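**Student:** Sequence:
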Amino acid sequence: MSEPNIDYYVGDDKDKIKGLLKKVTLYKLYNTLENELKIIPEVQICNQECGAKLQGNSSDVSELLKLCKGICNIISKVKNIDGFCSEKSCSRSFIYMNIWLYEHVKKIKASDSVINNFYAALESIMKTYASELKQCNITNYNEYENVFIHMKYLIEFLHIYEDIKNEISADLSAEGQLYCSYIKEFFKYYNKIEGSCPSAGTKPIYCNVIGMYKPTLINARTIDSIYNKCKFDKIPCESDSPVKKDFPCLEIKDNLFKNQSQSGNIRNIASTLNTAILPFISISGISLIFYKFTPLGSYLRTRLRRKKNINTNTHEEKYNNLENISEIQGNYTDNINYNIMYK
16 MSEPNIDYYV GDDKDKIKGL LKKVTLYKLY NTLENELKII PEVQICNQEC GAKLQGNSSD
76 VSELLKLCKG ICNIISKVKN IDGFCSEKSC SRSFIYMNIW LYEHVKKIKA SDSVINNFYA
136 ALESIMKTYA SELKQCNITN YNEYENVFIH MKYLIEFLHI YEDIKNEISA DLSAEGQLYC
196 SYIKEFFKYY NKIEGSCPSA GTKPIYCNVI GMYKPTLINA RTIDSIYNKC KFDKIPCESD
256 SPVKKDFPCL EIKDNLFKNQ SQSGNIRNIA STLNTAILPF ISISGISLIF YKFTPLGSYL
316 RTRLRRKKNI NTNTHEEKYN NLENISEIQG NYTDNINYNI MYK
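Numbers 16 to 358, taken from my numbering, label the letters of the sequence shown in order.
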């Protein structure tokens with residue numbers, strides 16, 4: 016299983032966000048590729064091209080040879096892999112497959128020359144399927160090893176964003192809040208590396224991807240909708256800098272989650288009270304039915320009426336006795352007062 020990598024994210028809810036991102040179509044694609052990689056059939060072109068470029072008995076060569084044959088198998092049947100190609104092209108999925116592939120290559124501790132041979136074998140295989148896979152390419156990211164992680168994050172976010180933008184609603188569910196936090200942290204990261212892309216001169220390769228962000232997100236007018244739904248405030252990325260026009264750093268309004276948390280607490284209290292009261296009401300209702308409509312209930316009612324009559328008579332007797340006692344005490348007190356005053 017492919018796990019989301021969002022090391023730029025800072026927050027206690029990082030694991031929850033990674034759990035959500037597993038559901039997006041990008042990671043479904045990655046997991047499909049993982050499953051296909053386990054299938055290594057004996058395809059002549061794969062054995063021929065991979066074996067010609069990767070020769071030797073070392074463990075790194077053997078691992079890359081196995082990986083080469085697995086990728087060759089995927090290339091040979093991409094048209095039949097569900098969801099890999101659109102009606103027009105497979106090029107979009109190849110962009111993400113190249114990211115996923117280099118993650119596997121990095122795990123194999125091979126020299127640059129052996130890795131370059133690995134990619135040379137795949138490029139030869141691609142030529143065999145050129146007529147079927149127009150505009151599809153294999154990219155050797157080993158040439159850009161130092162900035163690969165930025166390429167990965169930038170490219171993957173564009174794919175992820177397409178999925179999660181529709182999951183964020185105006186009332187902001189718990190999942191919506193997590194997606195908003197993820198977007199906020201991503202643009203904080205984005206602004207840190209965007210400054211490495213000068214307007215002229217030599218640029219890191221990931222600057223080409225940064226150049227895609229404005230037409231993809233701003234010109235398509237999707238990002239403003241997210242800003243509004245997430246209740247973002249646009250803030251400077253640094254204390255002494257102005258707010259950036261295109262992709263500013265973001266902050267979630269202070270009282271937003273607090274109010275929602277309070278509402279949640281009220282709902283929890285109401286739920287707890289309902290849970291406590293409903294069983295009592297049910298028991299009371301059953302007891303009432305039992306008391307009114309069963310023979311035993313009739314017997315109990317008769318006994319209670321008799322007891323009530325006895326209690327009433329007893330109460331009246333007690334009341335009369337109390338009246339007599341009061342009169343006696345009153346007379347006794349009067350007599351004492353009389354004796355004190357006049358004797």
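Among these hints, one or two may not hold up.
Calculated pairs, DSS-like style, for lysine-lysine (alpha carbon to alpha carbon, straight line, at most 30 Å) [claimed, not checked]:
#	residue 1	residue 2
1	Lys103	Lys199
2	Lys43	Lys31
3	Lys268	Lys229
4	Lys259	Lys167
5	Lys142	Lys38
6	Lys142	Lys180
7	Lys218	Lys259
8	Lys229	Lys33
9	Lys38	Lys218
10	Lys167	Lys122
11	Lys37	Lys142
12	Lys167	Lys33
13	Lys142	Lys94
14	Lys218	Lys268
15	Lys259	Lys207
16	Lys180	Lys37
17	Lys124	Lys103
18	Lys259	Lys43
19	Lys259	Lys29
Using C-beta positions, here's what the derived DEER-type ranges look like [stated by the list, open to error]:
#	residue 1	residue 2	range
20	Lys259	Asn72	49 to 57 Å
21	Asn62	Asn95	26 to 34 Å
22	Gly34	Leu173	20 to 28 Å
23	Asn62	Pro230	42 to 50 Å
24	Lys229	Glu266	18 to 26 Å
25	Asn62	Ser184	49 to 57 Å
26	Lys92	Gly216	16 to 24 Å
27	Ser17	Lys229	27 to 35 Å
28	Glu253	Asn62	50 to 58 Å
Please keep in mind that the hints were generated in silico from the structure rather than gathered at the bench. Remember, predicted model here, so these are calculated numbers, not experimental data. C-beta atoms are modelled at their ideal positions from N, C-alpha and C, and glycine is treated no differently.
**Student:** Check each numbered hint against the structure and report the violated ones by number, ascending.
**Tutor:** 1, 5, 6, 9, 11, 14, 17, 18, 21, 26
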